Amino acid sequence: MQGDIKIENFSVTRGKFRLKNINLKIKSGEIFAVLGRTGAGKTVLLESIIGMYAGKTGQILINGKMVEGIAIVDRKIGFVYQDYQLFPHMKVYDNITYGLKMHKKSKKEQSEQAENLMQLLGISYIKDQYPCTLSGGECQRVALARTLALNPSILLLDEPFSALDPATKQKMYQEILNIHEKFHCTIVFVTHDFKEAQLLSNRVGILLNGELKTIVNSNELLTSSYEQDVEEFLGRK
Amino acid sequence: MKEKRDIFSMITIMIALLVILFIGSAICAIIIGGFPNLLDAFSSKEIRFAFGLSISTSCISTIVVMVLALPTAYALTRTNMPLKKAAGVIIELTLSLPFILLGLSLLILFSTNAGKMLKDIGFKVIFSPIGIIMAHILVNLPYAIRLIRTAMEEVDVRLEFIAQSLGASKFKSFLTILLPMCKHSLISTTILTWSRALGEFGATLMLVGITRFKTETLPGSIYLSISTGNNSMAMATATIMLIISAVTIAVSNYINHSKQLNRGDR
Ligand SMILES: Nc1ncnc2c1ncn2[C@@H]1O[C@H](COP(=O)(O)OP(=O)(O)OP(=O)(O)O)[C@@H](O)[C@H]1O
Ligand SMILES: [Mg+2]
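Chains as they are written, first to last, in the numbering used here: chain A, 1 to 237; chain B, 1001 to 1266.
Okay, chain A solo, but in the shape it has when bound:
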């Protein structure tokens, strides 16, 4: 099955920080939210899924195969970083078509695909601009479009809504759900917002100090009872 993630006893150390003994299964097509304080290791967790720290303790399986055994491009994982990581020396259009170019798609195919995505995300008007001239929200859509151009089966979104005003946020929620519908991909996204996690995801994982404390169905997030530290994190003491 495409888009299946399995993390088994995975640990990784980054400087003073340690992501400890993570066990997590995310089914194909699921939307999974990762909650946690700043510095809890959410970004490191996403980077682990895409295979940046593979070969350390434990293992990460994508569609049942060890992630480090799959060529990066064949993992079919799209990653939208917190700070977007757009290619600064390329125009928006070239950012979006980069993957298609690398896959040697024809010019026509590139432009059709890019036009579709820019239309979908409402960014056609900035196609000739350089990333340094864009607003945070625009950067994010470009990063999303760049990833979606290759039809990833897993989409990793690091705080995709944090740079947006409330109204745009609402619109983006819908867009993400549309994208999920349209591309049938597994989505793992990071957020600080409980409501957002509940609204969008099937399940929520709470990461505290590098440990995945709990995984719950999102409709039970605010009603279940937890260990002391999770309760504190949820603001319930």
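Some hints could be false.
Stated by the list, open to error - Below, in silico cross-link-like pairs of lysine-lysine (BS3-like), each with a Cα-Cα straight-line distance of 27 Å or less:
#, chain 1, residue 1, chain 2, residue 2
1, A, Lys76, B, Lys1119
2, A, Lys171, A, Lys182
3, A, Lys105, B, Lys1084
4, B, Lys1172, A, Lys104
5, A, Lys56, B, Lys1170
6, A, Lys127, A, Lys182
What the hints contain is simulated information worked out from the structure, not anything from laboratory work. Fair warning: this is a prediction, and the values are worked out from it, not measured in the lab.
Use these hints to put chain B with the ligands onto chain A, whose structure you have.
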């Protein structure tokens, strides 16, 4: 209301003016001494030869240095090559040595049996123009690697990772992401390497000496003029080098400028 006087900026301007005065007077000394003899220098066959030799050896050595420095800097910043730290140290160790000593070490190296074998198969280094290029390379390589390495370290590796996740090979992501992002530094490294090669004297002197119409570069010819008491000819030759410098700077500014334009409104 008038803005309050910005003392900090004033001080920096004063210091900058002092620096310009200092460097400028050295340049003036050269031009004043050299200008009257400039025509003589231009018409001297010997100096025309030195000019040609200097330009050609500098160009060749710069190309070789860049071709070697780029992959080395990549290996040092982007791969898990063994002994990476030690390699970095070894490469930079020579930066503080006087060039004359680097030339001497090359002389010793190429005087060994292995060096003599190279000579027998036609790769003559000592007392030949190839030696000039070798001297330039040894002097400039560590310097170029240092500059390129710093530039590469400043590019976020995550960009290349993203490129690879979008289907680029390591080589493709090097070509399409890392190289263009270091373009500015690469251009200035090339220009600096070239200028340093043009002015290099100590290592060349040690390895190939200065033989008229054979291994005489512009700095070598300046040295010969000075040692025969012909200071005005030395100054004239130096003026020619200044003109070359001016052209180089103009060209590099032009390249950087045209790049700025197609980069959009930065
Ligand atoms: N390359 C690194 N070197 C040293 N420490 C690192 C490195 N990468 C991450 N860390 C540390 O790991 C910890 C977790 O980082 P991470 O970026 O995953 O946090 P986060 O949960 O995403 O936080 P935020 O919500 O602020 O984005 C931090 O304390 C960070 O300093
Ligand atoms: Mg983060």
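Outcome of the hint check:
1. A/Lys76 - B/Lys1119: Since the Cα atoms of A/Lys76 and B/Lys1119 sit roughly 55 Å apart, the hinted pair is violated (cutoff 27 Å).
2. A/Lys171 - A/Lys182: 16 Å, holds
3. A/Lys105 - B/Lys1084: 38 Å, violated
4. B/Lys1172 - A/Lys104: With Cα atoms ~12 Å apart, B/Lys1172 and A/Lys104 stay inside 27 Å; holds.
5. A/Lys56 - B/Lys1170: The given pair, whose Cα atoms are some 22 Å apart, holds under the 27 Å limit.
6. A/Lys127 - A/Lys182: OK: A/Lys127 and A/Lys182 at ~23 Å, within 27 Å.
In the structure shown, a violation is registered for the earlier hints numbered 1 and 3, in ascending order.
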